[in-house]
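Asker: The primary structure of each chain is shown beneath.
2 protein chains.
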Amino acid sequence: MGIPNPEHQLDHTFSEEERAAVYKTIYSRRDVRGQFKPDPIPDDVLARIIQAAHHAPSVGFMQPWNFLLIQRPETKKKIHDIFLAANEQAADMFEPEQSVQYKKLKLEGIIESPINLVITCDRDRGGSVILGRTHDKSMDLFSSVCAVQNLWLAARAEGVGLGWVSIFNKKALKQALKLPKSVSPVAYLCLGYVEHFYTEPELEVKGWRKRIPAEELLCFEEWGNTDTTGNEGLYQALADSNN
Amino acid sequence: MGIPNPEHQLDHTFSEEERAAVYKTIYSRRDVRGQFKPDPIPDDVLARIIQAAHHAPSVGFMQPWNFLLIQRPETKKKIHDIFLAANEQAADMFEPEQSVQYKKLKLEGIIESPINLVITCDRDRGGSVILGRTHDKSMDLFSSVCAVQNLWLAARAEGVGLGWVSIFNKKALKQALKLPKSVSPVAYLCLGYVEHFYTEPELEVKGWRKRIPAEELLCFEEWGNTDTTGNEGLYQALADSNN
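Which chain is which? The protein sequence lines are A and B, in order. Sequential numbering of the first sequence, starting at 1, is according to our numbering. Sequential numbering of the second sequence, starting at 1001, is according to our numbering.
Any given hint could be a false lead.
Which residues of chain A face chain B? A few of them, derived with a C-beta cut under 10 Å, are [unchecked claim]:
1) Glu-18
2) Ser-58
3) Phe-61
4) Gly-132
5) Tyr-198
Simulated pairs of lysine-lysine, DSS-like, Cα-Cα distance not exceeding 30 Å [what the hints assert, rightly or not]:
6) Lys-170/A / Lys-1024/B
7) Lys-1171/B / Lys-1181/B
8) Lys-1037/B / Lys-77/A
9) Lys-1137/B / Lys-178/A
10) Lys-210/A / Lys-1106/B
11) Lys-1037/B / Lys-1024/B
12) Lys-103/A / Lys-78/A
Keep in mind that the hints were calculated from the coordinates and are not lab data. Glycine is no exception: its CB is placed at the ideal position from the N, C-alpha and C atoms.
Produce the entire structure from the sequences given, and follow the hints as far as they go.
Answerer: The structure is reproduced here in structure tokens:
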């Protein structure tokens, strides 16, 4: 280990309680579409969850994100109209029976949530050659998604609900937000305190789709090899931990 | 609030200690390229972090991910060769001075880390029309990235280091892993216990790039509007919380 180095976390362990808190957050995080309360989110809470996003991993430490905060009713109304148009198109894409069920689902809380937050990705930040993005141009978008997930978990720990709205014509959304060509609106998020959180994903509760048993998603060394020889313990531990 | 409903978390609050644990995880998470120890990761730990990934949000509850576990030296060697070829190309893309610095950086721990894990995205899972993906075809890839970030944070809380390797020719990687056409290798991850974690991102410590002050990334209502009137408190809270 050598000489202690202030750049290194030598005591990098977590207590049992700390670990449990992380899993509690992960398991109780929900995509919130309804249940928003109008109560404002205090500045210090909002700052903490935005800093959490800003401390996400990013390819080549590019930090390609911006945080576009939307609070005015007239901006929300404009975005909501773009959602409504896209959602009508979306409903027509499903088979008739599913389409009926689809139309009954509430899929966003743009108007009711006190804060809308757009996490973007500036594809040009830091120049054209980015460490780690040389062979996969999507890596910067993926970094912004990591920021979303950090923010989502931090929000959950703060008791703040978050819903990710993705049903937009992207061109119309970019235009409404005046995003330059190089900036992609990775995630449109609705944030606010909530009456309650669902215990399971809302789409599962409402019968849209079931959770897949985790052990069915495992494979070994190459795609399609599900022979668990030598990994029986992991397979069983995963099967036992499904809820 | 109405009648208590077992599907709802009515007491959905976190204690101060639980919140602190979540932020500790977010702030101490690092992209690990070196420092891996050969010690095996116990099955129960591996199962917990994979379940954490499986409990990520996914568009239309699609759960598009699989977990492809790589443990054999011969598979790692094959993947490492694909990395080496791409990394040589990558080094040549930078300006001469940066290229020299680039070549000195250790960017992966494929061979030394006991576990390599590929998180994939099956673009065809659940049919062609997916709730929430109707207007943004990337949403399923983004779901798999959320799974990566959940796994990364859970791993950190378990004291397990994780490095995301993205410098591959994607076609060569898909071929080596025998991924079908519809399956994208979203993230190639190296996992293992570590000698230490860096206190700040390794690329920052090594002078590659600096962290952007969070408040500089804020804008309001539309792109380019950085007028903080009415949001002075948030701006200041963000500025005060930079580390």
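Asker: Could you run down the list of hints and mark each one as holding or not?
Answerer: Status of the hints after comparison with the structure:
1. Glu-18: 4 Å, holds
2. Ser-58: 9 Å, holds
3. Phe-61: 4 Å, holds
4. Gly-132: This interface hint holds because 5 Å falls under the 10 Å limit.
5. Tyr-198: 6 Å, holds
6. Lys-170/A / Lys-1024/B: 35 Å, violated
7. Lys-1171/B / Lys-1181/B: 10 Å, holds
8. Lys-1037/B / Lys-77/A: 54 Å, violated
9. Lys-1137/B / Lys-178/A: 22 Å, holds
10. Lys-210/A / Lys-1106/B: Measuring from Cα to Cα gives roughly 42 Å; hence the hint is violated.
11. Lys-1037/B / Lys-1024/B: This hinted pair holds, its Cα atoms lying about 23 Å apart.
12. Lys-103/A / Lys-78/A: It holds: about 21 Å lies between the C-alpha atoms, which stays within 30 Å.
In summary, the numbered hints that this structure violates are 6, 8 and 10.
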